[in-house]
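Student: The residues making up each chain are set out below.
Protein chains: 2
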Amino acid sequence: MSVENIKIGLLGLGTVGRGVYRIITGNPENIKRKVGAGLEIKKIMVRNIDKPRDLDINPAMLTTNIEDIIDDPEIKIVVEVMGGIEPTLDYVSRALENGKSVVTANKDMIAVYGKQLFALSDASHTDLLFEASVAGGIPIIRPLKQCLAANRVTQIIGIINGTTNYMLTKMTEEGSDFADVLREAQAKGYAEADPTADIEGYDAARKLAILASIAFNSRIVLDDVYVEGITKITAADIAYAGELNYIVKLLGIAKETAEGVEVRVHPALIPRDHPLASVNDVYNAIFVTGDAVGDTMFYGRGAGEMPTASAVVADVMDAARNLLHNVPGFISCTCYEEKPVKDMGATEAKYYVRLEVTDRPGVLASIAYAFGDKEVSLASVLQKHTDGDNAEIVLVTHKVRERNMQEALNIIKQLSSVNEVANIIRVEGD
Amino acid sequence: MSVENIKIGLLGLGTVGRGVYRIITGNPENIKRKVGAGLEIKKIMVRNIDKPRDLDINPAMLTTNIEDIIDDPEIKIVVEVMGGIEPTLDYVSRALENGKSVVTANKDMIAVYGKQLFALSDASHTDLLFEASVAGGIPIIRPLKQCLAANRVTQIIGIINGTTNYMLTKMTEEGSDFADVLREAQAKGYAEADPTADIEGYDAARKLAILASIAFNSRIVLDDVYVEGITKITAADIAYAGELNYIVKLLGIAKETAEGVEVRVHPALIPRDHPLASVNDVYNAIFVTGDAVGDTMFYGRGAGEMPTASAVVADVMDAARNLLHNVPGFISCTCYEEKPVKDMGATEAKYYVRLEVTDRPGVLASIAYAFGDKEVSLASVLQKHTDGDNAEIVLVTHKVRERNMQEALNIIKQLSSVNEVANIIRVEGD
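As you go down the protein sequences, you meet chains A and B in turn.
At position 29 of the first sequence the residue is numbered 29 (UniProt numbering), and the sequence of numbers has no breaks.
At position 353 of the second sequence the residue is numbered 353 (UniProt numbering), and the sequence of numbers has no breaks.
Keep in mind that the hints were calculated from the coordinates and are not lab data.
Every value quoted in this text rests on a predicted model; they were computed, and no experiment measured them.
Hints are supplied without guarantee of correctness; some may be wrong.
Unchecked claim - Estimated spans, in silico, between C-beta atoms of each pair:
hint, chain 1, residue 1, chain 2, residue 2, range
1, A, Met344, B, His125, 31 to 39 Å
2, B, Leu378, A, Ala235, 35 to 43 Å
3, A, Glu184, B, Gly362, 48 to 56 Å
4, B, Glu184, A, Ala365, 56 to 64 Å
5, A, Asn65, B, Pro28, 46 to 54 Å
6, B, Glu97, A, Asn27, 32 to 40 Å
7, B, Asn27, A, Lys232, 52 to 60 Å
8, B, His125, A, Glu337, 30 to 38 Å
9, B, Asn27, A, Asn27, 40 to 48 Å
10, B, Asp273, A, Glu184, 16 to 24 Å
11, B, Leu378, A, Glu184, 45 to 53 Å
12, A, Asp291, B, Gln414, 42 to 50 Å
13, A, Met344, B, Asp273, 52 to 60 Å
As the list claims (entries may be wrong) - DSS-like, lysine-lysine: derived pairs with alpha carbons at most 27 Å apart:
hint, chain 1, residue 1, chain 2, residue 2
14, A, Lys339, B, Lys34
15, A, Lys34, A, Lys170
16, B, Lys170, B, Lys384
17, B, Lys145, A, Lys34
Just so you know, even glycine gets a beta-carbon here, dropped at the ideal spot from N, CA and C.
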């Protein structure tokens, strides 16, 4: 029995698009055996047809006209790897309305417009798959939706931004400063010319919104996520953390609590023996805790042409198999609950606090009193003489409400012997 | 629209069976929303109906008669968690022949009789799902079959036996001896009274056969796997490995090479900074390398009531969804190739070798000569004076064929100054 090829339209031929083209054209027999039908890229939308490309590609496949893809009844699956919101959201919406299954790597779009897109996908009984939108090649969306489906997920802690993880790894290994490492990362192509989305935590926040939506079966959007980047992390903080047996990482944390879903991205100290502590360089990892399975972790490359394309093509193969068996939209949106998002002031964490103080009798007592007054209890204290009359005090608190911590810090900032609250960083994972 | 519950027959109510019962009866609404229909355990086959159980269970659900399950047309899914081959293989075969989907946690059965069972499942268009048979709660079967489907998997390295990983972790952390740690593991219930299957590597070999079959799309059975256990690992080996910056683990290794599929279970030294090196205690992890995705790792609890039940119930939910959408057998056996298994003598590795020698001039030279003669080149050498005229020499080789290594060792054993080849352990992962 010979089955017709399933035809695909590709939106975008940048880094990931090229990877998708390479995998689909590179091993057609393997894909055909796994899916039950061949995959065939029919049209590719690009901005400029004449741009030189290091791909052996028939120019007749290229188009600048979106209608050549979304109005072609032969094309059953649209693969969106052009990124951005405008005009991508419009293209993807129209593709779904026209009954095409869509595979996307676009975290920006899913983290903000997921709800309306899934509604379109449900209405047209099509697949909307997005494994590549979080953590590149690491399987995490399908494992959460299927493999861990018997669990109530209680917590996700992820290293889900490769750029910042590379930078923090370098700062940890070489004791270098933020600005130097950023320049190096830009030179290597790990950080963009405008690094804001990475270093301020927005990229991680988008991915966390997507993960939390699936884990807790309730739609979480980018705006729900508390975000703090890594720009204030210094070599000194990393060195003190090391002395205390911690590693500094940018974490995305999502928890289900009695007061709602907690979603936050910020740098954090994690214990050196935590599985996430040894996730280095551009690698990503997602640590998932379920009520039945306990702790699990998914590790791999969170970005790059071929890892991301690996996830995109796996989704295309699933969408194709679903079409072949007449079950498109087989496993669709799983946000069937509406859970409140917890106020950041009500979240709890341990805190690392670094203070610049004038080194005179009673300074530590006045600081400890201010913390105690707001019910912040201290787990450990390091005091270092720096120069002249100055000293640095590094404290780690026990678990405390964010709100109490902020109140205590406001008082401490006013103390005459405290020159500066140099940094505060949450402590997680122990 | 009200959809009827999907009825399940459970074979076995031991540790995993109780976990399955608890999950399915514990959160029915959650499962129903995810699957689209409720799950209902109709009958449970046990050996002794009157045995006291710490479960709130209707005695009328219990039976000792297999026909009450496999001949009941209402029962659509049979969950096999009784273990063993006899009579389990017969029960599972008959369930598949009767058109029931089967979910099993039975690695012994799948690693040996997988081929014939998948043939039955194909013929009757039913699901045969077995996520729980490898690494307990860790999602690995479905990620290999679907999420990494766009890859050619080149290599799998797994810590897939919790008992031995617990023992090696204790030996590493506490410097204790094999026999003491085994007694402790037995006291804690991590090792069985007869620990052979774990400590001799057979349990890991069964899981590796299953993983390799999926990764390389070619049926690998238990007999194909080279197996070496951890009984010869001493506190001294672990200490020397540490000096050389390695950790000792029991690994399951599967590689696709030009000369065939390589499948072997044996202890190995891995670099301290390898992601598998920090997988400790009873945790399992599977490190998978694909041509597109690069390195990935899946980490979690490899055994236990609830983690294993988590995987079983996820499979049951998939099987139920497939029935509901009329696509049972949706993703079936993927062994559509027949690849040869590589001869163990042709495999390559680096080796750690510990020799007890008489400490006299020329001893190292004669050893080095014997290695050189068989084209074994040395990467590092440690020599330690022990007592009287005796010394211990610890060598690490560069990569060499197993066959050459064995020939070199045969010559070295004959050298008059070599009292004993105390241990040889492969070095992997760098």
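Student: Now tell me if each hint is right for this structure.
Tutor: Evaluated hints:
1. The hint said 31 to 39 Å for the Cβ distance between Met344 (chain A) and His125 (chain B), and at roughly 52 Å that hint is violated.
2. The hinted range of 35 to 43 Å is satisfied by Leu378 (chain B) and Ala235 (chain A), whose Cβ atoms lie roughly 40 Å apart.
3. In this structure the hint that Glu184 (chain A) and Gly362 (chain B) lie 48 to 56 Å apart at CB holds, the actual value being about 51 Å.
4. Checked against the hint of 56 to 64 Å, the pair Glu184 (chain B) and Ala365 (chain A) fails, with Cβ atoms roughly 47 Å apart.
5. Asn65 (chain A) and Pro28 (chain B) have their C-beta atoms about 51 Å apart, which keeps the hinted 46 to 54 Å range intact.
6. Distance hint check: the CB atoms of Glu97 (chain B) and Asn27 (chain A) are about 36 Å apart, consistent with the given range 32 to 40 Å.
7. About 42 Å separates the C-beta atoms of Asn27 (chain B) and Lys232 (chain A), a value inconsistent with the hinted range of 52 to 60 Å.
8. His125 (chain B) and Glu337 (chain A) have their C-beta atoms about 34 Å apart, which keeps the hinted 30 to 38 Å range intact.
9. At about 41 Å, the beta-carbon gap between Asn27 (chain B) and Asn27 (chain A) stays in the expected band of 40 to 48 Å.
10. For the pair Asp273 (chain B) and Glu184 (chain A), the beta carbons lie near 21 Å from each other, so the given range of 16 to 24 Å is met.
11. Our hint of 45 to 53 Å for Leu378 (chain B) and Glu184 (chain A) is violated, since their Cβ atoms are close to 37 Å apart.
12. Evaluation of the 42 to 50 Å hint for Asp291 (chain A) and Gln414 (chain B) yields a failure: the beta carbon distance comes to about 60 Å.
13. Checking the proposed 52 to 60 Å range against Met344 (chain A) and Asp273 (chain B) shows it is violated: the Cβ atoms sit about 36 Å from each other.
14. Between Lys339 (chain A) and Lys34 (chain B) the CA atoms are separated by roughly 17 Å; this keeps the pair inside 27 Å, and the hint holds.
15. In summary, the hint linking Lys34 (chain A) to Lys170 (chain A) is not supported, as the alpha carbons are separated by about 41 Å, beyond the 27 Å threshold.
16. Distance check on the hinted pair: Lys170 (chain B) and Lys384 (chain B) sit about 25 Å apart at the alpha-carbon level, within 27 Å; holds.
17. A hinted pair counts as satisfied when its Cα atoms are at most 27 Å apart, and Lys145 (chain B) with Lys34 (chain A) qualifies at roughly 9 Å.
This entry does not satisfy hints 1, 4, 7, 11, 12, 13, 15, going by the numbered hints stated previously.
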